[in-house]
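Student: Now for the letters of each chain:
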Amino acid sequence: MPTRFFSSVIRKPQAMKAVSRSFLSALLCAALLFTLNSCRKAPPPAAEGKKVIVLGFDGLDPGLLLRFTARGEMPAFRELMEGSAALELGTSLPPQSPVAWANFITGMNPGGHGVFDFIHRKPGEYVPYLSTSEAYPAERTVSVGRWVLPLSRGGVRLLRKGKAFWNVLEENGVHATVFRVPSNFPPEESGARTFSGMGTPDLRGTYGSFTYYTDDASIDAQEITGGEVVFVNAAGGSLEAAITGPQNTFLKGSPAAEAPFTVYMDRDHGTAKIVVQDDELLLKAGDWSRWVRVEFELMPFVEVTGIVRFYLQEMEPKFRLYVSPVSINPADAALPLTTPPGYSKELYRRFGFFTTLGMPEDTKALDHGIFSEKDYDRQSGLYIAEMRKILDFELSRLKSGFLFFYFSESDLGQHMFWSAMDENHPMFERRPDEYRDYIYGIYRALDGVAGRVLKCMDDEDTLIVMSDHGFTPFYRAFNLNTWLVENGYMKLLDESRRGEDEFLVNVDWSGTRAYALGFNALYVNTIGREGRGIVMDGEGKDRLVKELRYALLRVVDPATGRNPVAGVYVGKEVYRGPYVEDAPDLVVGYDIGYRASWETALGQAPEELFYDNEQRWSGDHCVDPNVVPGIVLSNRRIAAERHDLRDISATVLGEFGIEPPENVEGTSIFRGD
Amino acid sequence: MSAQAGFLLNEIFAAVFAAALYPFRGFHPGAGLTAVSALSGAALLLVFKKTSNQGRIAEIRDRIRGLLLEIRIFRHDLGVVFRAQRGILLQTLVYMRYSLSPLAFIAPPVAVILIHLTPYYGYRPLMPGETAVISMKVDAGAALTAADVKLTVPDGLRVDAPFFRASDMGEIAWRLTVEAPGRYEVGISVGGAVLAKEVVAGAGVMKVSPVRRRGGFWSAFAGGGEPPLPPDGPVESVRIAYGAREDAFFGWKMHWVVPFFLLTLISGFGLRGLFRVEI
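Residue numbers (the working numbering), protein chains in the order written: chain A, 1 to 673; chain B, 1001 to 1279.
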């Protein structure tokens, strides 16, 4: 065939058509964007140029605040206390952060948002899970050799229900920025700028797992929770180790992905050089590194990145290197952290790496003696410095609209340092003297934050400073499951294994009428709801609930002669809303000084009914809500009536002239002005 | 050729690239990268035009087009289809032969472009507040102690960790902290002689040289733009661990070379009509 004949055939008309199509598509997109932009609702008149800022200081306690401000310092808190003529804010039932912040976010009680405790359970299998988010794997996979390839998407979903009030603001044309509010991971879909807070995991999927590399054989690695101890041979000039990353679900058996690193030691000068992938660090003993990006290869061309800090605690006589939990990389988030998705990257571009972990202060490392008080304080300081920079940035660009900003150090600091200031605590003598005023220091620092924000407020702007709950000492731990066993409500499969098996594994369900799981929850082993229930729903169950309530209110701690329980609440009586069916049958509210033991929360029933709390985790709030109210302060006078967390969302909406949705249970704290 | 000659050539090319990127210094790195890629595409297209047999390439392309049409028109005649497919394969091989020879002329300018864009787009300058390790590699026999070497830094930089020495690796290192943005020169005195190393801190696109090394012509020619270290001194190299730039192309996470080659190709194909080049 004469091929040259066709050489003049050029498909210009088709090319032109393609160009025209592209051009038209682009034009249509631009027009659509313009139309959508024009359709964005104008803010209500009350919102014109107005700023409302809520500072969330987790766990700030009204009693301590009064005590500390009486010393004559903390000018911002004093000004706010005088201006608002208020102090206490009712907390949630139970007063646990995920529950309390969900009340704040939705303006509803737990029956409306479905978060009743840190830990929930699947009643069919008695399996516990974390109450605010859930990771789910790809439903369909195909195996090719050692690889497992997903055919559908896995992911993570938010379990907290109910509409966040900032979405109501956005729908009404008020722009909102919500930074690190708990109970919002992964962040609820929103037009607002939001960053997830407490509940955001590390790359391993935990709430924060450190790794500790040491040659100190005296450490009992089995006893350490919340982290991993790796024994290394540091006798030579260098050592090689690896950072444990996420489970690699692309490989059969899902082994953990690892990022190797090498430590070169110069003992003459007390320095070490750490080489991690393409990065290098030089540390002397006592130094914290900057954030280091680490890459975990899951399969060729597929990797996830995280960020860690190295802390070279000691080189000699023992080698001790702490590596922080692997935070999700804000520049390249492997899990959803923000709305819009680019918000974390925007902050990274401005400030570099910063922690994204929900609870960044490593309480477990301090509790297990991996950290000293000084180490913990230094880590907390690094985190606070990051948050302050971001707060300053958000304040600088807030011309009108809503800003929420959260600080966790008040909560974790009080958990960890209560015993340092409380002479009655069993741990008091064992805490260093220089930390007696540590909690006071936190309050003073937060006073500085409040003062900084107050300076940005104009006359028409509103500032609310609030906490989700207060704090109380944790002197004695109560084993609720042990009490159930001793009183015939729970039967164990093997008495000799008491306290050894977690998650109710040792429970004989055929003889168990009630069981405790989580910090305040008590469930009746109900026929038709629980997998192996034995108590008939209806009158029989109601009778048992009453009996349990009556008995718990009469428990006596033989060591103190005190009743550890201040209140017992019946779930179906105190909660209302679409998720009441998921509520615990009873919520146990502990009195001052008492709390459910860690073993209770994990579904264990050890031998002893009570024991002294000899951990550094010495202050708590998982007690009766009347024992630990939170705080509410404002630059405006607050109406003299009892308010609780559910009122804050209605207050913020009200400040912009927006009526709260029908399901919001709260009312404005300024009502009656 | 000497290291000095290599460095001189490097300087000349560096000046050209600095001038080309100068108008984009206040923009996102992607703007300059796009412009340089587009210019590179045009320049490489012209090199291709001058060094290839344009007539022959046009002829082969026409033949391939014709064979493709043959397949379309005579798709019911398997014999014709197979013959045409064989023809396409053969013509493609011939086409590749004619296309490959100009690559010998294209490769050197591409190498020069890559050498001179890497300091801008391969690394990001340090940021104020950031720490970085500056390390010096010395000859195996050089038993230097803390007393023999000293690092001096100008205002805006701070040395905030003790000296580190790994004798078995022949390495000495310090930790620098950046206090303010700027283009600095730190001095390392080694046995009386003083070596300088550039340190770059700031935002945006800045030329960054991670290593200053001792070496010959090629090492100096392909270096980051700092003079070669003295050949008779004990120091092999001085290096700063800059981070890789990950957002060179409008925040997309990829090595800068990927958008560079894509944009160069797009530019080349887009301009072939204007420059009347047969590819």
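Derived from the structure by calculation, the hints contain no laboratory data. Predicted, not measured: the structure shown is a model, and the values here were computed from it. Check before you lean on any hint, since a few could be wrong.
[What the hints assert, rightly or not] Listing some non-contacts, in silico: residues in chain B with all C-beta distances to chain A over 12 Å:
1) 1093
2) 1127
3) 1134
4) 1135
5) 1161
6) 1171
7) 1173
8) 1185
9) 1231
10) 1240
11) 1241
[Unchecked claim] Short derived list, chain B residues pointing at chain A, Cβ under 7 Å:
12) 1133
13) 1137
14) 1163
Even for Gly, the Cβ is constructed at its ideal location relative to N, Cα and C.
Student: Look at each hint and say if it fits the structure.
Tutor: We went through each hint and held it up to the structure:
At roughly 16 Å from the closest C-beta of chain A, the C-beta of residue 1093/B stays outside 12 Å, upholding its exclusion from the interface. For residue 1127/B, the condition that its CB be more than 12 Å from all CB atoms of chain A is violated, with the nearest at approximately 6 Å. Distance check on residue 1134/B: its Cβ comes as close as 9 Å (rounded) to a Cβ of chain A, failing to clear the 12 Å threshold; non-interface status is violated. A cut-off of 12 Å between C-beta atoms contradicts the statement that residue 1135/B is not in contact with chain A; the least separation is 7 Å.
With a least CB separation of 5 Å from chain A, residue 1161/B falls inside the 12 Å interface cut-off, contrary to its annotation. Chain A draws residue 1171/B into its interface by the beta-carbon criterion, the shortest separation being 8 Å against a cut-off of 12 Å. The claim that residue 1173/B lies off the interface is violated: its Cβ sits roughly 6 Å from the closest Cβ of chain A, which falls inside the 12 Å cut-off. Every CB of chain A lies more than 12 Å from the CB of residue 1185/B, the least distance being 20 Å, so the non-interface label holds.
With a least beta-carbon separation of about 27 Å from chain A, residue 1231/B lies farther than 12 Å from that chain, consistent with its non-interface assignment. With a least CB separation of 9 Å from chain A, residue 1240/B falls inside the 12 Å interface cut-off, contrary to its annotation. Residue placement check: residue 1241/B does not keep its beta carbon more than 12 Å from all beta carbons of chain A (closest about 4 Å). With its C-beta approaching chain A no nearer than about 4 Å, residue 1133/B sits inside the 7 Å limit, and its interface hint holds.
Interface restraint check for residue 1137/B: the shortest CB-CB distance to chain A comes to about 13 Å, outside 7 Å, so the restraint is violated. The restraint placing residue 1163/B at the interface with chain A holds, with a minimum CB-CB distance near 5 Å, inside the 7 Å limit.
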